[in-house]
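Just so you know, the sequences run in chain order Y and G.
For my numbering, count along the first sequence from 1 and bump the result up by 176.
For my numbering, count along the second sequence from 1 and bump the result up by 180.
Simulated from the structure, these hints should not be mistaken for lab results.
Here a beta-carbon is modelled for each residue, glycine too, at the ideal position from N, C-alpha and C.
Any given hint could be a false lead.
To be clear about the criterion: a stretch of chain Y counts as covered by chain G if any three or more of its residues have a C-beta under 8 Å from a C-beta of chain G, and this derived list gives those stretches [as the list claims (entries may be wrong)]:
hint, stretch
1, 218 to 226
2, 240 to 254
Residues of chain G placed beyond 10 Å of chain Y at every Cβ, according to the derived structure [claimed, not checked]:
hint, residue
3, Asp254
4, Ser267
5, Thr282
6, Gln283
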Amino acid sequence: GQSLEQPSEVTAVEGAIVQINCTYQTSGFYGLSWYQQHDGGAPTFLSYNGLDGLEETGRFSSFLSRSDSYGYLLLQELQMKDSASYFCAVRDDYKLSFGAGTTVTVRA
Amino acid sequence: EAGVVQSPRYKIIEKKQPVAFWCNPISGHNTLYWYRQNLGQGPELLIRYENEEAVDDSQLPKDRFSAERLKGVDSTLKIQPAELGDSAVYLCASSPSGLVETQYFGPGTRLLVL
């Protein structure tokens, strides 16, 4: 089965940088996805790392180290609209298994 | 392009009553997923369809849950009878075949069982 760990909450001010770490234990690992979910909303895809290294998409970046079973999502230039829950999800050959999520609160 | 559509958005029922949720995936997406999300948790996969075939239903509580995707497009998830512990958000997602990592979620159905 899969096991994922990520911090439950992070608080930061507008304009700051936040890093959400995700460690995992799994069999059949293909890659790590990240999703954002606003309160009451649908999870939306942010990024995917199938290979080691950094993927950059605008203000968000994601990193994967397969040897360390570790990844992170980096949120830069935080904005109020970034207040949401962020989930890492392990991809095996046919499904995603999600972590419990990290609630990011952005303060003015 | 329309996103994943789900209905109803909210449902309140008494325990032991039946309930059904409907999902219409993004056009052309052959893979459809049903998830359950409890408060403060991530989505948990209940069942996955490839076209009309349920290829993974290992996490579906089959004594009370059932699902169908008869024509390989829209899908229905049913609970009968509902229990208090079934209160959760039921999410539907879709993806093109093979693109497991990039799933498009609907807004979900928030179920409250009293």
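Query raised in the report: Hint by hint, which ones does this structure get wrong, listed from lowest number up?
Result: The structure breaks hints 2, 5, 6; every other hint is satisfied.
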